[in-house]
Amino acid sequence: MDRGRRQVGAGRVAWRWVLRCALVLAASPAPAAEPVDAPVGRPVSEVIDEWRRQGVPFAYSTELVDERVVVVAVPRATEPAAMVAELLEPWGLALYDVEGLLVVGRASAAPVSPPPVSGLGDAEPALPEVTVSASRYEILRELLEAPSFISQRTIQQLPLLGEDPLRAVQRLPGNASSGASAKSHLRGSAERDTGLILNGQRLLDPFHVRDYQNLFSAIDARAIAGVEVYTGGFPVQYGDGMGGLVLIDTITPDGDRHTEIGLSVYNTSFLSAGRVAGGDLEWLLSARRGNLDLVLDGELGEPSYNDVFAEIGINLSPETRLSVNALVATDNVVAVTESDPEEREASTNDTRNAQFWVNWSQEWSATLSSYTTLSLSALNSTRVGSADDPEEIIASVDDRRDINVFGLRQDWRLALGDAHRLSWGALYRHVDADFRYRGAVDWFGTFASFRGQEGSIRRAIDRRVDGDALGVWVADRITIGERTIAEVGLRWDKQTYTDAADSNQVSPRLSLLRRLGPRTDLRLSVGRYYQSQAVHDLQIEDGVTRYFPAERADQVIVGLQQRIDERLSWRAEAYWKDMSRLRTRYENSLDPLAVMPELKPDRVAIPARDARARGIELSLGYDRDRSVSWWLTYTLAEVEDRVGDDWVPRSWDQRHAGQFGVLWQAGRWDLSAVLSAHSGWPKTSVAIATGSDPDEPELVFTERNAGNFAPFATLDLRAGYRMPVPRGELSLFFELSNATNRRNPCCVDFGLEDETGQPLLDQRDEYWFPLLPAAGILWEF
Amino acid sequence: MNETREPGPEADDALLEAILRRAEPRPQPSEAARERAFEALHATWSRRVAHRRRRRAVTGVAAAALVASAAALLWIEPPPPTAAPVVVTLVRSSGGALEVNGVSVPASAAPEAAGTLVAGDRLATAPGTRAALAWGNGSLRLDEATRIELRGGNTLQLSAGALYFDSTPWGHAGAEAGRIVVETRFGRIVHAGTQFQAALRGDQLRVSVREGEVRIEGDRLDVGIAAGEAIWYAADGRFERRMVAAYDAGWAWTAEIAPLEDFTGRTTADVLDWVARETGFAVRYGSDRARQLADSEARGIEALEPLPALRTLPVMTSLTLTVDDGIIRVDSTSPGVEP
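Just so you know, the sequences run in chain order A and B. Numbering (our numbering) for the first sequence: 1123 to 1903. Numbering (our numbering) for the second sequence: 8 to 346.
The reader is advised that the hints may include incorrect statements.
[As the list claims (entries may be wrong)] One-sided and incomplete, this derived list gives chain B residues near chain A with beta-carbon spacing under 8 Å: (1) S101; (2) L228; (3) V230; (4) G231; (5) T271; (6) R273; (7) T275; (8) R296; (9) A305; (10) R318.
[To be verified] Pair by pair, the computed Cβ-Cβ distance ranges are: (11) A:A1204 / B:R291: 54 to 64 Å; (12) B:R291 / A:P1630: 48 to 58 Å; (13) A:A1204 / B:G135: 28 to 38 Å; (14) A:P1440 / B:G209: 57 to 67 Å.
If you are wondering where the hints come from, they were derived from the structure by calculation, not from laboratory data. Using N, Cα and C, we set each Cβ at its ideal position, and we do this for glycine too.
Use the sequences and the hints to build the structure in full.
Below, the structure written as structure tokens:
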């Protein structure tokens, strides 16, 4: 009986299968896909998900395509893959065909300059946005992997004197530098016009060997994740500056613990980074000791310096993060510019620069966030120098400065629908400073021969400064139509420690981005930029005891950028910058390398109230993943001061400048070469005054900056090699700065001779740095 | 040798190759090592058998009493219920055709057509065809050229071919483990919390255990198999026991017919766990950062089998995957302290 039931049952089952199979096989194919809307501001993930629901096999991770990845321009394509690829491209993402799926991944190669993604500030580094401001260069080629920063890795591949990350800025078009200083002139600006912001805090003069060209910065290249640079046109929250801006963020610890110990010609360094408590507590400690005092000939001095940076990050919740930062740099630098006991000239600088700040980052909601920084900075500097050359100069200087700055700053950001993104903020700074300057000089012989010059100077100045600085700003980023984004901003600043009747500054700014095509962007930036005199910039060494009104620059920048393909891109920018309300600048016409410059006879005041800079920058870049990258830049530029009715080139004016660099990685080898060249900088010479007494000839300067030095060129090379060791990895590098030992003139040396009964002026060029080899070793574990 | 993959399609084929290479038979140990391993296992097995014999002898008398007691209980108590029938559904098939109760069904249509299988249903996979069934909370997979018949309760009969059973497949970790009894002509295969496979090829039975423990209870064979072991038993009485890795090549087909999971709302870490469960690999995170990145949601890869999914993850995330000696090492490529 059972057997019979089973057979019957099996027969029913068989018919059931036949029927089901017929129904399934007769099922119609999937209907045609419905169009998907992709308005500006809609999260790209929503668009993808809508296609997925229609059966299009997209795959992605919310790590790369999070809700902040939104449609920045209405796509032209309607076919799913083409549409999504178009939406992803501005974000450095691309579609890949993997196992029959359309998978969203990072684009495999980065353009020479960044895709239009960046943060409005390092306050929110994870926030990719369309860069509306023109002129934001992100130097290195791995930008798709780290879109907001210059890669630490690439910085370390570049030949940079002293392994100084700020010197990476000198690889940019629009930069003018001699190679001696870690500071740069960006688009004709003075060095003091460039701000440096580390982890949200504007640093107070963070340089070593400050009396000698600010030779190195106090930033450890190993401790930073990258560098990004505005050569102009920065948003209102970065106010109180009219030149450039360098933004630096330190690395985020990526593992439980990472340690580096390095030894090079320039530094001995130690770095430790890590995370504990499940990643909620992070630390970063970087300590360096300068080695120049060990390697330099004692006759040239003893430049001893150290710096320590420490950061502790605390993730209190997914929405709340605190980070405590401290940077302490100390200098004990003895610079000897003349070691002959009969002509001895030396200067000693003891500086302690301590900066401490706390950042509080808070996401109040999905649309509202804030970033608060509380800071304390103290700069204590003592400079003592003397020159004892009875034939030319007897001088002494005792310059002591104690500067304290307390700051509180808060930035807010609010998204209002899809079209508006509002940001506002305010800052308060209290500054107090004590200056005590004593300087005396007597000139003899040739130094006393300049016409109209008094034979001696005596300065004894004490100055105490106490006051506040305030700033308030608001900006709105507006999406206009499908292809245009604008940002309008307004900033107000005021200082109470200046001696100006009008200490209020209002800075309106406008930036526009117009997408001309899927790979082509046009940017326009127009704005007014004020820069107040920093408290530590009192020109007391030149006898100036007052603070001047804020200087002003009105800038217009137009930029065009095209990514030809995934590897090759070009960029062109033109800028006009009119500067006004300038305060008197002091320079040494003949020798900018002097260690007591204010006591030298070639010290001149440049009473320019106005200046203008203009230029065109072209760059072409190629990046093939991490194997080969190269870039080629050319800049045509001009910068002039208006002195009286005359326009006089600034001392760093360079009409033509170009650079070619290549980075090559092959296995364990990293090789790089950078060739830089520019027109010779303006030159001022000395002449015997017409009609002067041959027995006591008088000297005069030729027309200031009327001539030019010979063109400047330098080839810098670097080779690095990595090898695994039983514990960690060992890296070796060898570097040549100015590898061809080219003599690039910097200065004019002069002397009067009288061998024939007639005064004879002996005048010759001196030179920037010669060939400088360096080597180092780094152990990472 | 380590294989590290960066995100990007050009690297994916190599990754798959690397994984598949690892699915190849491991290098054989030396003869001496094999001998030592076998002796150790044999000694353990012998002790178990001897212990069982002693126990039988000692409890022989008591058994008779127990039987009498049981008979009495049965007399006064109703018989216990038989094992409740498990719900069996065909969830995925690949290849050419399945034969369900003698009717050939294209593999692509079979899951939708089959519905729920009941006792008496017969299922056969043609050469080149595989099938996956939900067996209660467990997962049952059939290799090609396999024939089974549902015998009611949680029992099936394996007539030919190979099957794989996972009592607690990924996504069912919190549920009651699935139970299965596999009847073969060599005996019954029962298990305790396990991933195992049984293959009946010709006159030979092979049973491999990836996790848990399995016992074969037959007329001439009564043997326990622990995780990491496999036994071969031939009709002529030949018996062999070997060690087998959780990611041995013999398991590869089971991942290829793994049910495609719905990862909606699931994270990359979940996908990796699933891949690990299906392939026998273990997952190790190289850093907290990598673990943190793996918490992102992975969308759209529900159409992929484990190995293609593993190949896809580096493309869609900032993770690199290094597969070596059965371990998937997960590292972060995002900026930070770079190696």
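Which numbered hints fail
1, 2, 3, 4, 5, 6, 11
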